[in-house]
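Chemist: Protein chains in written order, with the numbering used here: chain A, 967 to 1117; chain B, 321 to 1084; chain C, 756 to 1014.
Quick caveat, the hints were computed from the structure, so don't treat them as lab data.
Think of the CB as a built atom: it goes at the ideal place given N, C-alpha and C, for glycine as much as any other residue.
Watch out, some of these pointers could steer you wrong.
[What the hints assert, rightly or not] The calculated label-pair distances, taken between Cβ atoms and stated as ranges, are:
hint, chain 1, residue 1, chain 2, residue 2, range
1, A, 1018, C, 902, 36 to 44 Å
2, B, 321, A, 1084, 35 to 43 Å
3, C, 793, B, 710, 39 to 47 Å
4, A, 1079, B, 553, 37 to 45 Å
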Amino acid sequence: MKITLTVNGRKENLEVEPSTTLLEALRMLGLYSVRKGCDTASCGVCTVLMDSKPILSCCSLAVQAQGHSITTVEGLEKDKDFEEIRKNLLLEGADQCGYCGPSLLLTVYSLKKRNIKSLQEIQKYLVGNLCRCTGYHSQLRAIKEFMEVGE
Amino acid sequence: MKYVKRSIKKVDGYGILSGKPAYTDDLAPRNSLIVKLLRSPYAFARVRKIDTSEARSLEGVECVLTHEDFPRIPFTRAGQGYPEPSPYDKFALDSYVRYVGDEVAVVAAKDEQTAEKALKLIEVDYEVLNPVLDFEFSEKSPPIHPEDGISGVENQQNNVCSAYEMDIGNIEEELKKCAHVVKHRVYTQAQAHVMMEPHAAFSYIDYQGRLVVVTSSQVPFHIRRILSRVLDIPLRNIRVVKPRIGGGFGGKQAVHGEIYAAAVTLKTGKPSKIIYSRKEVFESSYTRHPMRIDVTLGSDEKGVLKAIDMEILSDTGAYGEHALTTLMVAGSKNLPLYNRVNAVRFKGKVVYTNHTPAGAYRGYGAVQGNFALESAMDILASKLGLDPVKLRQLNMIREGETSPIFKIMGEGREGAEMTIKSCKLEQCVELGKRIFGWSEKFSKRPESGTKVRGVGMAIAMQGSGIAKIDMGSAILKLNDDGSFNLLVGATDLGTGSDTILAQIAAETLNVPVKKVVPYSSDTDLTPFDTGAYASSTTYVSGNAVKRAAEKMKHLIVQHGSKLFNCSEEEVVFNGEEIIGPEQRLPLSEFATKLYYSENQTQLCSTASFVGDEAPPPYMSAFCEIELDTETGKITPVRYVAVVDCGVPINPNLARVQVEGALVQGIGMALYEEVKYDSKGRLMTNSMMNYRIPSRLDIGDIEVHFVESYEPTGPYGAKSVAEIGIDTPPAAISNAVYNAVGIRLHDLPFTPEKVLKALRVKEGF
Amino acid sequence: MFKAVDYVRPKSIGEAHDLFVSNTNSQILGGGTYLYLSKRTIQLLIDLQETSLKYISQKDGKIRIGAMSTLSDVEESDIFKNAFNGLVKKVVSDIWSYQLRNAATVGGTVYSRLGFSEFLTLLAVLDVDVVFHNTGVISIKDFLKMPPLRDILKEIVITENDLKVSFQVFKRTHFDFPVLSLAVARCDDEFRIAVGSRPGCALLAKDTPKLLSEGCRDLKTVCDSLIREIPFADDLRASSEYRRHVCGVLFKRALSEVL
């Protein structure tokens, strides 16, 4: 079926099956920051923002996303907050293999917009962003600075 | 040092975090055929008949391949130096299937749906055989590899894939003389790598009719060699390219789907791609070798170690990938920690079972061996009434010392003699102890109540590449604007090695890092490198880069002297300018002249490096855990690691390597449970059911460095990639003992196992 | 992943209900966060997102949660910041991951009676009505025992009261399904006890609350009673034997909060 998705502020027309996942649809649009990690909603790698909230694009359907606004890191290229958290991550060497990088950045970005300040809360919100390379602590150092939270 | 020992940003980080297409699947041609594999539902079976006619006639199916379509060429998936120490016990496709998930047939279709549909249409008549599912009974079971034509297997009839034995001194006699003897047995599990990017590859035929394979691999040069063998085409007609990799940890040190994508491309002439599902990654790539390890330690009255005996039974699953070498590393990267003993014996066997094959995984046997040895050390300490730290200090290896094991045990063959030129293990232990507050915490009396804290420690060593085997090389090319292309075969799998190698080149040339443009791992364009494994890149490839840069410096001076018409001795290159007796020229102008007007010559330097030795990094680890005595759950509280990796070229990246490895080790120790059902099906075959640690499951982690200077390393560097994973199983198990007095010996320490042990102790 | 032949977004529950009952191979789509694990072929997917079921309201001591509210809506609503001393918010905010909670719906969780759901275990001990389009109002107690209904769940209604509630959960890692979840609610001498992730769906205990109501305060007796009456099973996360043990531990901890 033909659908229209609003992705990074642009209307995109595409042809999908009812069970095409949002992940597949976004990759069809050339948004390669959206990546598949696990097939079971268990890793967070496929995170995108829907109406400013992080969701898993591997278990959302493209058809469900019609009428909502989807954001991927490609759409935040010029965003100040995004630039800052990306820079912080790079400065800590917390990017490593980078496969889960965009999904982490998006989730942190959404928390910044919600102005979440408690470190404990931030960590809890990020629990679904698994990373196998970094051991998380370098990410935490980068995120703490970005979110302006202390211990 | 201007450009090394600097935490600069990774050269590729910005693009990757911005979502630029970089990984295999991002780069595959859109019209690629989708390659899917029909996999065995049985742990052990023989394919009597396979009917692919219906699948073939399905619209959109381009080809279906079975074992009849492949030449019967035995090989190993393991991506190792040649000739490989792993047996040639596998065929691209075979009429026998030896584990649930083993390959039966290949389907290529225009899209995923069609390919999936075609898989269902293949009719296979299996003769189901009795699988061998318990590795401790494997030797007495019917052979898993009864077939002819395979080689390098120790004993096919008894299911023994590999075996190794060595001794120094007389272990039996020595143990008899010891005042204290400790025996300890441990079991380790088939940990999964869980790199975030599943295995992926695509292939196509280029305009010269050559096969190009783009793959998420740690070992592109080995892939090229293996493909040439298995597909029976000349190596020169294959190009293997590695794009960015979404993690590997050893899991991509082997050929996986590349063979099948390439075979489809060769058959159809069309681009094809294969992306493993997460289930395939779990079931059909490979895992860490599960091992049973028996350690016997003997010491005198005071705790001076006199004898170490280690005996291992390792489970390599259906195929012997990395079987012998992981076995040997379990000994060779642990036993020299206590180098002053009179007698050492090491022996082991690696047996086949009908489980998912085991292969390379960060730590590579060393983590299994460390768990056994470092737990046993604590048992001995408690027997002696000694602080476990003291016992280590009394016995551990020091700078300037050696161990006969370095020479006796290599990887799959003899090793290389080595006197330790850099070892700050004593300082690592001392510093770790102080930062952690060990003495105070260790001497605290056990608490009562349901939440009990405990502390434990362990030490570890690893290597830096494989001496006399691992080879890295580099090419530096001066460009007409005075920048350099750095071409390396080394394989950055997310670790930041491209950045580190650029830093080393920049340091040697004394030019800013941004003037060195690294390009890695393309068998057509970059020089040979054995690949990213065995903690080799910084040390082995780094040394090659340093040599190439030194040669380049010399070339610049040489050509400067030609230009200035003076002797080489009169010319200096300081990174910015070429300075002669009367003239000076900025490098960029010099390069422009050199390429466009005068003495026109391309400056290009090549260098290689093979280590005569593999200098070990060392570390001390101190951890605190909290144990819920009612549920048996262990919660990590704090982990302090102090590492001697020589001079860290990029301290941030070195730190992240250790932090990441520690968390994988914590996962192995506490959470990552592997379960098979009675038919040999892997039940923990999804990330939903195989849970790796999240950021809330690891406690505080602090990594510190004690810098040593390794004279054989580039700018004093040793390796750092693997060592972090070695200590958590032992350190945590020691902490549990110190908390509640139970000795855990079976990984992972699930709440259920801990509770059982507690109840046994309480006499239930 | 399931396959779907057709997809619709009805504008009203009535329309959705008609489509649902007239097409035997149709499926209601909530967040879709669990459905994707199914391998079925579904004729018609009925997406409820335009049926105005995304609301949380509080009136006359009752909190109504529309079936299409996400778990995050519950977690972030001001109503649940205070209601039940923030317990509902806390329990929901520990479920799986933030990303999942942003899509998973309350309706999907309740209708599917997901075994691993902590939320259901808690709801089971509160005064909760489950409201269906056609069938009408069913108490959660009855709903948990009923066979699946071919009807559309509209909302759940939680009656605010001064129940003293303790919720306990045991997980192996923070980002995981529970090995066991347990909730105890007390109002004077009346007790309710629910056990979830057994691994089956939350189950209300019958005998043990009676024992407690009758005044039995011997921990061993009541714990033994609970683990005797609740059935447990093995799965990848734990054996039934271990679950039984943990149930006793969590129950003891819960009782210490409500007694």
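Chemist: Does each hint fit the structure? Answer for all of them.
Modeler: Each hint tested on the structure:
1. A:1018 to C:902: 36 to 44 Å: 40 Å, holds
2. B:321 to A:1084: 35 to 43 Å: 41 Å, holds
3. C:793 to B:710: 39 to 47 Å: Since the Cβ atoms of residue 793 (chain C) and residue 710 (chain B) sit about 59 Å apart, the hinted range of 39 to 47 Å is violated.
4. A:1079 to B:553: 37 to 45 Å: Between residue 1079 (chain A) and residue 553 (chain B), where Cβ atoms are some 54 Å apart, the hint is violated.
When each numbered hint is compared with the structure, violations occur for hints 3 and 4.
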